[in-house]
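> Going down the list, the sequences are from chains A and B.
Counting from 1, one number per residue, gives the positions in the first sequence under the numbering used here.
Counting from 437, one number per residue, gives the positions in the second sequence under the numbering used here.
Calculated directly from the structure, the hints in this document are not laboratory data.
A portion of the hints provided could be inaccurate.
Computed list of chain B residues with no C-beta within reach of chain A, every gap over 12 Å [stated by the list, open to error]: (1) LYS456; (2) PHE487; (3) LEU547; (4) GLY563; (5) PRO579; (6) THR588.
These stretches of chain B come out as covered by chain A in the derived footprint (C-beta under 8 Å, 3 or more residues) [unchecked claim]: (7) 504-515; (8) 519-531.
Taking beta-carbon pairs under 7 Å as the criterion, some of the chain B residues facing chain A (in silico) [what the hints assert, rightly or not]: (9) PRO495; (10) ARG497; (11) ARG556.
Owing to the predicted nature of the structure, the values given are computational and were not obtained by experimental measurement.
Just so you know, even glycine gets a beta-carbon here, dropped at the ideal spot from N, CA and C.
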Amino acid sequence: MFLIFPLPALARTLLITCIAIMTLVGIMIRPFKLDEARIALAGAALLLIAGLIPPLDALTTLLQDWNIFLFFLGMMALSALADAAGLFDWLAVQAARLAGGSARRLFFNVFILGSLISMILSNDATALILTPIVYTLVTRLRLPALPFLFACTFIADTASFLLPVSNPINIIVLSTFKLDLWTFLRLLFIPALVVISINMLVFFLLYRRKLRDQFDIKRLTPATEAIRHRAYFRYTCSVLLLVAVAYIVASAAQFPLSIVALAGAALLLIGALRWKQSTVKDISGHISWSIFGFIAGMFIVVRAIEDTHLTAQFGQLLLSLSGGHSFGAVMIGTAGATIGTNLINNVPMAVVLTSALHSTQHAALSTRLGFIAATIFGCDLGPNLTTVGSLATVLWLLILRRRNIEVSGLDYFKVGIIVTPVMLAAGALTIWLLLR
Amino acid sequence: MKVLCCLDGTNSEQISIAVKNMLPANQLTLGLIYVIDSGPHGELERQRERFLRPPALNPQRSQQMQNAETSTAQDILQEGARYLPGAERIQKTGRPEREIVNFAQEWKADLIVIFPRSPRSGGPTIGPKSVGHVARFVLDHAPCPVLLVRQTQ
């Protein structure tokens, strides 16, 4: 509309800002239980209909980010196909067997298993596939479920910056800022190990009494029961090993990781069809298609804000708050990413910050790297602060609690608020030390 | 006298000793209740929403979880029945504290026997906070007297 009747720049900026804020607030509070994808798409549609962003610009933005969309697709398909082989169930049973009847050792093994799954198959796989499997396992073993559920939930995010593929957020940031694998590992691998250690240590201290029991190993189902088809299972393990190596090689060569994820998923799908373990329809049912709508909507909204130079000003604000030093960059970047992630969601926050950091191009290299690493770190680890989703959810849970309704989501929040600030501080400090 | 014994998977033996010491078996109508806590399901749903997925798990996984819960509940009730033969076995799903109180009312229990907190909860067994939130809720809302049985080593 305003493409035909051009608006003054100020009115245009105000309109775009209003729509963007409405979209972000909508995502935060989800009115009428609308899902985030519809809200993001509605924001984008409003901008397009009002002519506040040219359709060609919107299309170009989406096409430029093909790697992110395809990575999400490949990642979800890989996890679903590995799950169809019974790989996660098998790994969980092995973790219990290796624990030799000790609840504490099983707790430790769940952390290690969660870290490995997050590292290679992303945090989604740990949080969404491993968690219910571990719940089933500990229910059978008559162990308290909550510490194990918390362990899976937390480690999914805590271990999600070991590699670029460990969290789709990393791909969003790295699609704009092409960090080579060595720089990524130099800045984030050791901090990841530091925060994983802190996470494990604090959890062991918190749950030491709940985990003092032994469990009866006879209650375990045989590991072979988890395997639905022996040949497909072996094939899946081989393909995933290949994918893990390919991820590292592709990251080092700066080859699009989405191609690796999709190729791996295609190979697994061929196996699944060959051994009749899954169908395209089955796998498609495991993919959250609304995520694509959500990301697309957010990309368009943020692209419109970019035109108003608001994100650039936000970037400049971050830069001035940091004092132009690497220490300030890491601390301000981590704090900003964490707060934003808990207010809205880490996907839109990563998109906004990535856009804002464009304007820090003239800063010193260590400052820029500090901001980039802190964005990844804060957006990946930040969700552990509230875990239950966002601060809006926490507030809602607090209201319910005040009305005398038991809500155990608050238990997550209590744990998150204890352990996450420690992890954020230690991780940010380690990143800064590694930047020097 | 109708006595409702609340099992948690660890306390069958001690609850049975307490009940047997209290009254002769012929004067007792016993019920053993075990509640599958629905709380973790809520956590899993919230987790899925955080990752922008529909809250419901896929049916196969959901069934697997349900099977594990049901078979564990049956094992626990069976174990309880070994210590207190002839007792009625009741399996419920929901928030344990609410299910216990509701069933006690429905069953017209004269007494509820419960541990102050499950040994697996990790809390203190004596002193402040030795009564966990399930037992606390039952004490506050039960329609009949409640017997707290302290865990002995």
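> The structure should be examined with respect to each hint, and the outcome stated for every one.
Against the structure, the hints come out as follows:
no. : hint    : in the structure
1   : LYS456  : 24 Å, holds
2   : PHE487  : 6 Å, violated
3   : LEU547  : 24 Å, holds
4   : GLY563  : 14 Å, holds
5   : PRO579  : 18 Å, holds
6   : THR588  : 17 Å, holds
7   : 504-515 : holds (count 5)
8   : 519-531 : violated (count 1)
9   : PRO495  : 10 Å, violated
10  : ARG497  : 5 Å, holds
11  : ARG556  : 5 Å, holds
The structure fails hints 2, 8, 9 (numbered hints given earlier, in ascending order).
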